[in-house]
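Participant: Chain by chain, the residues run as shown.
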Amino acid sequence: MGIRFILMVNKQGQTRLAQYYEWLTLEERRALEGEIVRKCLARNDQQIRFELMFEFLCSYAGVLAGWLALNEQCSFVEHRNYKIVYRRYASLFFMVGVDDDENELAILEFIHLLVETMDKHFGNVCELDIMFHLEKAHFMLEEMVMNGCIVETSKANILSPIQLMDKAH
Amino acid sequence: MDNLFQRSLEDLIKGFRLQLLGDSSFISRALEEIRREIKATDLSTKSTALHKLSYLAAIHGVDMSWAAFHALEVVSSSRFHHKRIGYQAITQSFHDQTSVLLLITNQLRKDLNSVNEYEVSLALECLSRIGTRDLARDLSPEVFTLLGSSKSFVRKKATGVVLRVFDKYPDAVKVCFKRLVENLETSDPQILSAVVGVFCELASKDPTSCLPLAPEFFKILVESRNNWVLIKLLKIFSKLASVEPRLGRKVAEPICEHMKRTVAKSLVFECVRTVVSSLSDHEAAVKLAVAKIREFLVEDDPNLKYLGLHALSIAAPKHLWAVLENKEAVVKALSDDDPNVKLEALHLLMAMVTEDNVSEISRILMNYALKSDPLFCNEIIISVLSVCSRNAYEIIVDFDWYVSLLGEMARIPHCQRGEEIEHQLIDIGMRVRDARPQLVRVSWALLIDPALLGNMFLHPILSAASWVSGEYVEFAKNPYELVEALVQPRTDLLPPYIRAIYIHSVFKVLVFCLGSYFSAQESSSGSSSTVYESILNLVNVIEIGVWPLSGAYDVEVQERAKNVLGFIGMAKQDIAKKVNLQDNEAEACRVTAFMEDAFSEELGPISANAREKVCVPDGLELEENLGDLEEICGKFLKPVESDSVSCTDKISFSVSKLRIRDQQEASSSTSLPPKESSSLLAEHRKRHGMYYLTSKKNDPDSNGTPNDYPPANDLASEILLDPLDPKRKAKHRKSRPVVVKLDEGGESRITTSQAKTKQESVTDDESLSRDIQSALLVNKKGKEREKCEGNSNLVVVQEEETSRIEKPQNSEKKKKKKKNGERTSRKHRSRRRSEVASSSEQVEIPDLLL
Chain B
1 MGIRFILMVN
11 KQGQTRLAQY
21 YEWLTLEERR
31 ALEGEIVRKC
41 LARNDQQIRF
51 ELMFEFLCSY
61 AGVLAGWLAL
71 NEQCSFVEHR
81 NYKIVYRRYA
91 SLFFMVGVDD
101 DENELAILEF
111 IHLLVETMDK
121 HFGNVCELDI
131 MFHLEKAHFM
141 LEEMVMNGCI
151 VETSKANILS
161 PIQLMDKAH
Chain H
1 MDNLFQRSLE
11 DLIKGFRLQL
21 LGDSSFISRA
31 LEEIRREIKA
41 TDLSTKSTAL
51 HKLSYLAAIH
61 GVDMSWAAFH
71 ALEVVSSSRF
81 HHKRIGYQAI
91 TQSFHDQTSV
101 LLLITNQLRK
111 DLNSVNEYEV
121 SLALECLSRI
131 GTRDLARDLS
141 PEVFTLLGSS
151 KSFVRKKATG
161 VVLRVFDKYP
171 DAVKVCFKRL
181 VENLETSDPQ
191 ILSAVVGVFC
201 ELASKDPTSC
211 LPLAPEFFKI
221 LVESRNNWVL
231 IKLLKIFSKL
241 ASVEPRLGRK
251 VAEPICEHMK
261 RTVAKSLVFE
271 CVRTVVSSLS
281 DHEAAVKLAV
291 AKIREFLVED
301 DPNLKYLGLH
311 ALSIAAPKHL
321 WAVLENKEAV
331 VKALSDDDPN
341 VKLEALHLLM
351 AMVTEDNVSE
361 ISRILMNYAL
371 KSDPLFCNEI
381 IISVLSVCSR
391 NAYEIIVDFD
401 WYVSLLGEMA
411 RIPHCQRGEE
421 IEHQLIDIGM
431 RVRDARPQLV
441 RVSWALLIDP
451 ALLGNMFLHP
461 ILSAASWVSG
471 EYVEFAKNPY
481 ELVEALVQPR
491 TDLLPPYIRA
501 IYIHSVFKVL
511 VFCLGSYFSA
521 QESSSGSSST
531 VYESILNLVN
541 VIEIGVWPLS
551 GAYDVEVQER
561 AKNVLGFIGM
571 AKQDIAKKVN
581 LQDNEAEACR
591 VTAFMEDAFS
601 EELGPISANA
611 REKVCVPDGL
621 ELEENLGDLE
631 EICGKFLKPV
641 ESDSVSCTDK
651 ISFSVSKLRI
661 RDQQEASSST
671 SLPPKESSSL
681 LAEHRKRHGM
691 YYLTSKKNDP
701 DSNGTPNDYP
711 PANDLASEIL
721 LDPLDPKRKA
731 KHRKSRPVVV
741 KLDEGGESRI
751 TTSQAKTKQE
761 SVTDDESLSR
771 DIQSALLVNK
781 KGKEREKCEG
791 NSNLVVVQEE
801 ETSRIEKPQN
811 SEKKKKKKKN
821 GERTSRKHRS
831 RRRSEVASSS
841 EQVEIPDLLL
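If you're matching them up, the sequences are chains B and H in order. Residue 43 in the working numbering sits at position 43 of the first sequence, and the numbers go up by one each step. Residue 289 in the working numbering sits at position 289 of the second sequence, and the numbers go up by one each step.
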């Protein structure tokens, strides 16, 4: 049903965020994360990356076409019975596992939307922000995706409840 | 490190990053702390502890299921902050087996009815992640209310939850569906997006039930500018169009509009995919789609290239012209950096293969295989092999070329597909008589190469090569070299079972050579000394080569080696007496002739269901199980000391006995079997059931069985080739082998059982779809009454009723005499397996669309 899980993993393979939309036991999760991370990390080793360029773009609302031009390899990986769409932003990999019939480019845009939203909220988001404010990241995701379907794509709408909650707290 | 204040999550994280003790000890210390803190009665302490625990569970994989009850307590707090933490913990850790799941229902209900929309949203989120059947059932009224709430924020979330609720508790459809459909007509883009998402999922599961909503979807398709919504709509239409072809005509127009107008590549791709998969009959749309695919293929971005290739491969079955147009792009993609792109290109190329271009394409692919990494190389090999061998090699015209291609594949450094190549070598040898000379030639080349013996992946190929050389030795140009190759010392590297095959092939070659020597002896008056020399050499070489193996550890190798050596020992004497050997009564001669005879029978392929083609001889009774045996042979199974058994009865069974049993009742012929021996049999059967033959061939008679199977020759001659096809060039006489059709009986058995299991899993979806349809029709009925009473344009539905239990519903049935069709809705779902219910019904789309 659409999106199965969303993972954020850093270059060393440590999971920074994991949101699953179907129940998996702890061992299954670890195994899955390990396999996927290995696949995606291995693919990226061959690329020449412009790290600074990425972080620069991160803090602006980047045009998607610009991102695409910097990729050297396909962002899709087949894994068992679903696909994984991933993209690397600086030191963090964003991976989304989707069903076979999902539109991959739309998911790439979704990932970008997620990053932009976090950027808007945290201001120049980096890995540490996600680590220290994990629940905020979870909330953002919850606003955007329900039950594996993307329900909200406007940044303003996503952020307003979160900002309200922060104010109240 | 006891602090005065409780450590917050932030402290924990900082501590973790700074600590030097090692991860696991830090975590266990933190866990201890948490366990203490979480038992506190103060909700703030509890919630912070729970917060830390969720973090550890999420990132470090710590088990937090023991804290389930604490999470519940935290959720019941009135402070929003605590609620948030509690719900987060619950969503993360609860699952179907959590014992305290029942307790959460009330809490959820309270929060769902709360005034604060954020609490509501928390509860909805939680429900969507952990919802079980009971929760769904109990909370569906609340969800229903929320679907009509005035706050769009809440409505949006409620829509998101609906899918899970429907999934777990299909009866909720009747209640909630109407509101859902109302939401479809909303102008609020947030809600629209959510609703369309839900319908997208519902349509994937069961398209026909969403078909009546097609007009609304169409309206949105034409009007909306939101790409996300459009993409989902396209998915819905793609599913709907496959059930209802007329829809395709209507929808093709707006889709083409979108394709031309939009800038967003994702939308373009989705349009292309929809057109190519579901609307493939509309030429104009397909042409436009293929043009767009071409644009994708020439982009630099590997994502777009991959997607272009992917779309092309979806289009390939029906629109091969599209693939052929883009052939150069596809071949170029084979050398791309990205493995996904390469694979897609390979599959596309395979789809393009026909009789004419198979050699050209294989040439290209072999070149690529030599240049690529092992993974891709093997992919290429396996796809070439499978395509060429499809349908008994129907694509291959020139088998000589194909056999040499197989030999070439064996020499590719990364080749790991030895078994498949082995299988095909032997298969072709058996099926295609004319290819045998070439086959032997290729095998010889493989066998004499000592380098190949070291490669473990090639051993299966070598075993096939040796078998082929032995079996078809009459085509070999130089048996002597062949034998040398087969006994060369480097064959020590082979595993024993392949060694055994080598030795057996040596045997066959030997027999052939001796046979021809002896027959030459008889025909010619005197044998030339060179012939004598050579045969003696041959025999000596074999003896020297095989002799060390007669002490081999492996029994198979040892036995065969000894066989060969024994044969040689006997033949040697007769060869030595060469000059006087005029009579063919010599022992060696006779034995050789006998062996030749044995080896001359051809082996051929046998169909999997060959056994069933054997008709049971008359008078042979095949019983279900050996239970009846007790009646017949009970007295024979009695322990030995019994006197009543005469020795004549102890003969093993013959067919006649069984026939007698059939003619008279068992009781008349035999005495009552003693309980112990028959039960012994039953016991034995229970314990070793798997060694018993299946019921078809259950007679204990050993005399009958060998004659039931026709010798392999008969079947082989059935299978072998057609005489020459006049179309082929005269010098390449290629024939097509006749493939034995598999017995239908066995297959249909399999498919019905598969169909049965499939149907069992389908009943859940069926019931969901039935409910949706009934809800829709009630909906429609209400709407029509409001809109246009007695509109004659609406056509009455023809319904194809399948066998279904008609439960006599009371007033509902009468109410259902409506314009859109007749359905019975049931109070409870019946679990009876019917034919696929959804597909049998045709629902008319109202005229708005047609």
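Because the hints were derived from the structure by calculation, they are not lab data. Predicted model, so just to flag it, every value in this text is computed and none were measured. Warning: the hint list may mix true and false statements.
Claimed, not checked - Some chain B residues near chain H, calculated using beta-carbon distances under 8 angstroms:
id, residue
1, S75
2, N103
3, E109
4, I111
5, F122
6, C126
7, I130
8, I150
9, N157
10, P161
To be verified - Result set (DSBU-like, lysine-lysine): computed pairs, CA atoms no more than 30 angstroms apart in a straight line:
id, chain 1, residue 1, chain 2, residue 2
11, H, K39, B, K136
12, B, K39, H, K151
13, B, K167, H, K151
14, B, K83, H, K178
15, B, K167, B, K120
16, B, K120, H, K39
17, B, K83, H, K371
18, H, K250, H, K287
19, B, K120, H, K151
20, B, K167, H, K14
Stated by the list, open to error - Chain H is nowhere near these chain B residues, computed Cβ spacing over 10 angstroms in every case:
id, residue
21, R30
22, L41
23, S154
Glycine included, C-beta positions come from ideal geometry on N, C-alpha and C.
Participant: Take the hints in turn and mark each one as holding or not.
Facilitator: Verification of the hints:
1. With a cut of 8 angstroms, the hint placing B:S75 at the interface with chain H holds, because the nearest CB-to-CB distance is about 6 angstroms.
2. Because the closest C-beta pair between B:N103 and chain H is about 5 angstroms apart, less than 8 angstroms, the hint holds.
3. Annotation: B:E109 was flagged as interfacial toward chain H, and the flag holds, the nearest CB pair being 6 angstroms apart, inside 8 angstroms.
4. Here the hint on B:I111 is broken, as its CB sits about 12 angstroms from the closest CB of chain H, past 8 angstroms.
5. The interface hint given for B:F122 is violated, since its Cβ lies 15 angstroms from the closest Cβ of chain H, which is over the 8 angstroms cut-off.
6. Look at B:C126: its Cβ only gets to about 14 angstroms from chain H, farther than 8 angstroms, so that hint breaks.
7. For B:I130, the interface hint is violated, the least distance from its beta-carbon to any beta-carbon of chain H being 11 angstroms, above 8 angstroms.
8. A distance limit of 8 angstroms between C-beta atoms decides the matter here; for B:I150 the minimum to chain H is near 7 angstroms, and the interface restraint holds.
9. Look at B:N157: its Cβ gets to within about 6 angstroms of chain H, closer than 8 angstroms, so that hint holds up.
10. Hint status for B:P161: holds, given a least beta-carbon distance of 6 angstroms to chain H, under 8 angstroms.
11. The hinted pair formed by H:K39 and B:K136 meets the criterion: a straight-line CA distance of about 26 angstroms does not exceed 30 angstroms.
12. Restraint check for B:K39 and H:K151: not satisfied, since their Cα atoms lie roughly 44 angstroms apart, outside the 30 angstroms limit.
13. As the CA atoms of B:K167 and H:K151 are separated by approximately 21 angstroms, the hinted pair is consistent with the 30 angstroms bound.
14. The hinted pair formed by B:K83 and H:K178 fails the criterion: a straight-line CA distance of about 34 angstroms is larger than 30 angstroms.
15. Annotation: proposed proximity of B:K167 to B:K120 holds, straight-line Cα distance about 16 angstroms (limit 30 angstroms).
16. Between B:K120 and H:K39, the direct Cα distance comes to roughly 38 angstroms. Violation of the 30 angstroms bound is thereby established for this hinted pair.
17. With a C-alpha separation of about 28 angstroms, the suggested pair B:K83 and H:K371 falls inside the 30 angstroms cut-off, and the hint holds.
18. For the given pair, H:K250 sits about 17 angstroms from H:K287 by alpha-carbon distance, which is consistent with the 30 angstroms threshold.
19. Note on B:K120 and H:K151: the hinted pairing holds, with a Cα-Cα distance of about 25 angstroms set against a maximum of 30 angstroms.
20. Of the pairs offered as hints, the one joining B:K167 and H:K14 holds, with about 24 angstroms between alpha carbons and a cut-off of 30 angstroms not exceeded.
21. Against chain H, the non-interface label of B:R30 is violated: not every CB pair exceeds 10 angstroms, the least being about 6 angstroms.
22. Its beta-carbon lying about 15 angstroms from the closest one in chain H, B:L41 satisfies the requirement of being farther than 10 angstroms from that chain.
23. A Cβ of chain H approaches the Cβ of B:S154 within 10 angstroms, the least distance being about 7 angstroms, so the stated non-interface status is violated.
The structure does not agree with the numbered hints 4, 5, 6, 7, 12, 14, 16, 21 and 23 stated previously, though it agrees with the rest.
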